[in-house]
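Please build the complex by placing chains U and G on the supplied structure of chain S, with the hints as guidance.
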Amino acid sequence: MAMIWKKVTKVAVTAGAAEGGTALNAFDNALLAAGIGNVNLVKISSILPPEIPVIDLPKIKPGALIPTAYAAITSEVPGETIAAAVGYAMPDDPAKNGVIMEFHGHADRQQAEDAIRAMLDEAFRVRGEPIRELKVFAVEHTVERIGCALAAITLLAEEDLV
Amino acid sequence: MAMIWKKVTKVAVTAGAAEGGTALNAFDNALLAAGIGNVNLVKISSILPPEIPVIDLPKIKPGALIPTAYAAITSEVPGETIAAAVGYAMPDDPAKNGVIMEFHGHADRQQAEDAIRAMLDEAFRVRGEPIRELKVFAVEHTVERIGCALAAITLLAEEDLV
Amino acid sequence: MAMIWKKVTKVAVTAGAAEGGTALNAFDNALLAAGIGNVNLVKISSILPPEIPVIDLPKIKPGALIPTAYAAITSEVPGETIAAAVGYAMPDDPAKNGVIMEFHGHADRQQAEDAIRAMLDEAFRVRGEPIRELKVFAVEHTVERIGCALAAITLLAEEDLV
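Chains as they are written, first to last, in my numbering: chain S, 1 to 162; chain U, 1 to 162; chain G, 1 to 162.
Only chain S is shown next, with the shape it has when bound in the complex (with noise of 0.2 Å):
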């Protein structure tokens, strides 16, 4: 079987909130609105490879297949308050893996952003490491008619990008 190697040299983190006639056009109007609703986000659980960088969303091709570890809600409830994070952190050792944390519920942004950095805490003193840099990124919507949050962490491979 030939080979050819995707190697993920990047991370990117990203949020959108969004609208739509139906609960999927939400969700594909939310990623539209944080910038990946062209591409096909392949689920991961939730690990940042050691010592990738992350930055600034690029432009990526359209139709490439994406590990994100992403979170997710969409509401039928006008007035409610949804919201979505993802949060990671770093070890102090750089060999080490990062830790990715999701979450989303019927919350506002700053409930969201204190559990992804609990559930961070945790899995960081469970593995015995120090944390070196821990970001939060969340996003909260309140519901119109059919509305969206969500949250992603995408690994990128330079083919990936335009």
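No wet-lab data here; the hints were simulated from the structure. Incorrect hints may have been included.
Since copy identity is lost for identical chains, a pair holds within one copy or between any two.
[To be verified] Derived lysine to aspartate or glutamate pairs resembling DMTMM-like cross-links, with alpha carbons at most 20 Å apart:
no.: 1; residue 1: K59; residue 2: D93
no.: 2; residue 1: K59; residue 2: E76
no.: 3; residue 1: K135; residue 2: E158
no.: 4; residue 1: K135; residue 2: D108
no.: 5; residue 1: K61; residue 2: E51
no.: 6; residue 1: K59; residue 2: E113
no.: 7; residue 1: K7; residue 2: E129
no.: 8; residue 1: K61; residue 2: E129
no.: 9; residue 1: K61; residue 2: D92
no.: 10; residue 1: K61; residue 2: D93
no.: 11; residue 1: K43; residue 2: E122
no.: 12; residue 1: K135; residue 2: E19
no.: 13; residue 1: K7; residue 2: D56
Coordinates of chains U and G only, in the frame set by chain S:
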């Protein structure tokens, strides 16, 4: 951190329904009925890469890892009608990606197809693209004991084919 | 358009259970207990490629993307017993693929194992193949505060191993 990659060169659509002794067996049997029961589906959200032809489902290598957008529903309520559908639409501009939508529910085939069409219409209205081609594939199933209906769009590489 | 691909050369099975401060931390801790807490699981449905040996879980590179069939259950009901199991069966004909089944539920280990066996029996009856080898891996956990049980079959490539 490395991954290996292959080139998606074809897309194929399929659907199937079946009974089973358990919900998971009904799902397995529906996959077999759809011709994808001996491959590993890797769920994706939900973009058709640009300039990839849609072909009839070919024979795929057993165990191949196949990025797939799919909808599935299992029911254990005898007499209930369930349906699953997928559809895609492609834009006028062949350099731009298409969009895939999925539907599953306690519905009949017509309702499933209508839902897909409405979602694809919105997806293209939002993207500001006219639709060049739109196709929907749906299956309905009336449950005897434990039934499953599923529809899937598979992204294929040459290496996946027998 | 490119996607993740690897030549799977080994399969390893594992299971674990743990408590955590949140449902997601319990899941993370169960992954750590199972020896796969620092890799990225990519969920697959649920085929064992032909002619791949099953080995003891090796040390996997941190952050590696690992196609994995898994079952997991989290409970926040103290005293409740939860179980997760995976199993595989291989056919007589080594050129044909095996099948993986997953189970999770409010059950004990024996019930989880029995469920897997029954599902694998049906999967091979339906395929018209005699079973050459069948193995089941299950774990049960009695919840203290927030607990998770999980079982997983990982598809490994040489490049994933330390």
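Each hint, compared with the structure:
1. K59 to D93: This pair counts as between: shortest inter-copy Cα distance 18 Å, intra-copy 30 Å.
2. K59 to E76: For K59 and E76, the Cα distance exceeds 20 Å both inside one copy (31 Å) and across copies (41 Å).
3. K135 to E158: neither (23 Å within a copy, 33 Å between copies)
4. K135 to D108: within (17 Å within a copy, 39 Å between copies)
5. K61 to E51: Answer is between: at 13 Å across copies they meet the 20 Å cutoff, but 24 Å inside does not.
6. K59 to E113: neither (26 Å within a copy, 33 Å between copies)
7. K7 to E129: Neither way: K7 and E129 sit 25 Å apart in one copy and 33 Å across, limit 20 Å.
8. K61 to E129: Classified as between: cross-chain Cα gap 17 Å, same-chain 36 Å, threshold 20 Å.
9. K61 to D92: between (33 Å within a copy, 18 Å between copies)
10. K61 to D93: between (33 Å within a copy, 15 Å between copies)
11. K43 to E122: Intra 23 Å, inter 24 Å, cutoff 20 Å: neither.
12. K135 to E19: Answer is neither: 27 Å inside a copy and 25 Å across each miss the 20 Å cutoff.
13. K7 to D56: Within one copy, since 18 Å is at most 20 Å while 26 Å is not.
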